[in-house]
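Undergrad: Each chain, letter by letter, is given below.
Number of protein chains: 2
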Amino acid sequence: MSKWWIENGTFVTMDERRPVLKGHMVIEDGLIAYIGEERPADADAMPVRIDGSRLAFMPGLINTHGHAAMSLLRGYSDDEVLQTWLQDYMWPMEAKFRDEDVRWGSSLAVLEMLKSGTTTFVDMYDRMDEVAKVVDQSGMRGVLMRGAIGLCPEDVQLQKLDEAVRFAKDWNGQANGRIMTMMSPHAPYTCPPAFIEKFVQAAHDLDLPMHTHMSETAAEVEQNVREYGLRPVEHLDKLGFFSRPAFVAHAVHLTDAEIELLAARGAAVSHNPASNLKLASGVARVPDLLRAGVTVSLGTDSAASNNNLDLFDEIRLAALIHKGVSGDPTVVPAAEALKLATLGGAATIRQPMLGSLQAGMKADFIAIDTDQPHFYPQSDLVSHLAYSGSGRDVVHVWVDGIQVVKDGASTLLDEERIKHEAQACYGRLTGN
Amino acid sequence: MSKWWIENGTFVTMDERRPVLKGHMVIEDGLIAYIGEERPADADAMPVRIDGSRLAFMPGLINTHGHAAMSLLRGYSDDEVLQTWLQDYMWPMEAKFRDEDVRWGSSLAVLEMLKSGTTTFVDMYDRMDEVAKVVDQSGMRGVLMRGAIGLCPEDVQLQKLDEAVRFAKDWNGQANGRIMTMMSPHAPYTCPPAFIEKFVQAAHDLDLPMHTHMSETAAEVEQNVREYGLRPVEHLDKLGFFSRPAFVAHAVHLTDAEIELLAARGAAVSHNPASNLKLASGVARVPDLLRAGVTVSLGTDSAASNNNLDLFDEIRLAALIHKGVSGDPTVVPAAEALKLATLGGAATIRQPMLGSLQAGMKADFIAIDTDQPHFYPQSDLVSHLAYSGSGRDVVHVWVDGIQVVKDGASTLLDEERIKHEAQACYGRLTGN
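Here the protein sequences line up with chains A and B, keeping their order.
Using the working numbering, read the first sequence as starting at 1 and increasing by one per residue.
Using the working numbering, read the second sequence as starting at 1 and increasing by one per residue.
Any given hint could turn out to be false.
The list treats identical chains as interchangeable, and a pair is accepted whether it falls inside one copy or across any two copies.
What the hints assert, rightly or not - In silico DSBU-like pairs for lysine-lysine, Cα to Cα no more than 35 Å straight-line:
1. Lys22 to Lys96
2. Lys22 to Lys133
3. Lys406 to Lys22
4. Lys3 to Lys238
5. Lys22 to Lys169
6. Lys406 to Lys238
Because the hints were derived from the structure by calculation, they are not lab data.
Only chain A is shown next, with the shape it has when bound in the complex (with noise of 0.2 Å):
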């Protein structure tokens, strides 16, 4: 039924037995049929063609780390210091925030995110219900968590937990299974031990993954080991965090220690370089864990610290920094930069069916015009990518084997209304 096909891309499957292959691809029902260099054998008896000559397509990006709604905040505080930027200005700002401001803020995010390229993101927020429908809406994936900030009453805190365990229940699998939950207390430094441990046995629980916010300051590391005797790594793992499928958030303070446990647990990290770099966190041990064999995904943060949900952004200040700041040109080199957006993503996320063009993949992928004077001369693909390309050069976004974004537009979302009720929100949240 729904069969159709790329005639004459090049492909950069990330699969490497081929990274990059120039030929032809079937979707069909949502998956990836066929990739090769061979024109299909039935390609006459499908009905849509599109001409990739002068494309190159890869798989859609996976943001693992961010906090959609909170683009209304986008350039509302910059060049503050962490605890003054989150005290002073983000949280009371978020405590205005109502059901419209989260579905506006999060439908301003998954169109930015959309139409640079991004298929699957992260978000680990609150009213989850309002950025479940936007998921739902506009054809993106998503994997949606209730995070909890646990500095409060017991009874504010189990109903919070309560709400995190009836969002997760209600909205796995839907949207066509685009949508995946997990169970996500906020942070060490925000949630009592008592309180992860209940989110730890709901994940048993529901059999979900769980997600946090690990080690993005030093400063919470040692308040870690003040408070609890342990770095934040022995801490979760000693409250059974890393008794379930897990991934961390930031994790730019780690021990050699911490390394290696994160890496025994299989637990995955979601570095956030743009915003570990603005907010002056530090700079992730990214070559360390790679080394170590741990996971490592890219994740933007919110808009209100990076300041954009470009994911080409963090590919290229990935493949950039690591380099600087150890003196070593031949780490994360261009390749490992775009596997952290893409093979890294599904990993860490636990989508097995994501992350690469190959024959049986779900069809989540992207189309680039590389015939712009950034990508030339034509030589090495995965190179112009990584260093040179950026979320404006996305032409076409599949999901599923649907466009949601053709010709740089989306589909399925109406961008005019977004903008101007992002606005509204942002006017009535500053009384502006």
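Use these hints to put chain B onto chain A, whose structure you have.
TA: Same frame as chain A, now just chain B:
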């Protein structure tokens, strides 16, 4: 005669008295004749009008260090140690360059720069007549110099010096004043002291500024100390380099004393963050340079070590990386990062009529489409441009009041031909 105006624009002026202005701008004979909130008195009499209501305008960006022709080597060799990259990949390939390679490599670079909002670039290379002809044709502004490596017999050295002098004389002030020339020994580690002194003398004779690479890697600084008993700033100072108006590229490895000496001499620094990271050279002490009062600007370096020429990428890197590396999130705030690429660039190349939007300044400016999701909510435009902007957001570009990019396309260059010829040159150079 040539008088026209922009109606209802938002102007990021780089004028501290009114950094962001909503209003109108009048261009007359290549200069900004008026900018202000009030409608121009003779508005109805002026023949051309641009509706600025969905655009942001800012000064054209100034790229203060690069080697345009090396765009042909974009992606040719990545993720290698600097000396290997230079000696085993770049220099052997560059030795094969003929006039046509410099012509088409530079054309490709100029096209990429113009389309991404750079209106002035500094170029240090060989066969500079070819580069100058490209600048003349493109409508761009160029600060051009024959960069000379002195690791050769004395007669070859003198031949290079003669070439540099001849080029500087022939082209200074050409292309309706859009070309200025400088004198440029390549670097202290590639030029014997006597050769540098000859360039200094020539710069005095011709009354031209000077430019060179300096202290890009720790190894070259050590070599300088070993060979000459001085670190590069003191070494160049001793050779009279800073007796001329001068600026150096990179300046990654500096002592406090060197920073003070640069400040005392009024020497400027071209900061090349992407190139320094990619080649693992390190991170320049930009916050310390700025505190000391040294003029700092931004350069892409060549596309072979970046690998793109979008100065917005350098703006973003400059705003991010110094926070992350210093641990201080208040350094290089958004407005400072934009200043590096505009006013800082103008001061570096000693062109006080560039870098801001004020009456009497040259009409080098760009228009950015801010009606896109990554610029919403429309709040702090300076922050949005620094942290979320890209050269792909630039829609129009003017130099001397003449439109050189319209709706994203070069008005004076043949883009299809340039891409084709650059690809052909690359094929011939690599045998592909």
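Undergrad: Should lysine 406 paired with lysine 238 be assigned to within, between, both, or neither, using CA atoms and 35 Å as the limit?
TA: Answer is neither; intra-copy 48 Å and inter-copy 61 Å both fail.
Undergrad: Within a copy, between copies, both or neither: where do lysine 22 and lysine 169 come within 35 Å Cα-Cα?
TA: neither (43 Å within a copy, 50 Å between copies)
Undergrad: Which holds for lysine 22 with lysine 96 at a C-alpha limit of 35 Å: within a copy, between copies, both or neither?
TA: Answer is between: at 30 Å across copies they meet the 35 Å cutoff, but 52 Å inside does not.
Undergrad: I want to check one pair: lysine 3 and lysine 238. Are their C-alpha atoms no more than 35 Å apart within a copy, between two copies, both, or neither?
TA: Neither: 50 Å inside a copy, 73 Å across copies.
Undergrad: At 35 Å max between alpha carbons, let me know whether lysine 22 reaches lysine 133 within a copy, between copies, both or neither.
TA: Cα proximity of lysine 22 and lysine 133: none, with 38 Å in one copy and 37 Å across.
Undergrad: When no copy is named, should lysine 406 and lysine 22 be tagged within, between, both, or neither for a Cα gap of at most 35 Å?
TA: both (22 Å within a copy, 34 Å between copies)
Going down the numbered hints, you'll see the structure goes against 2, 4, 5 and 6, while the others check out.
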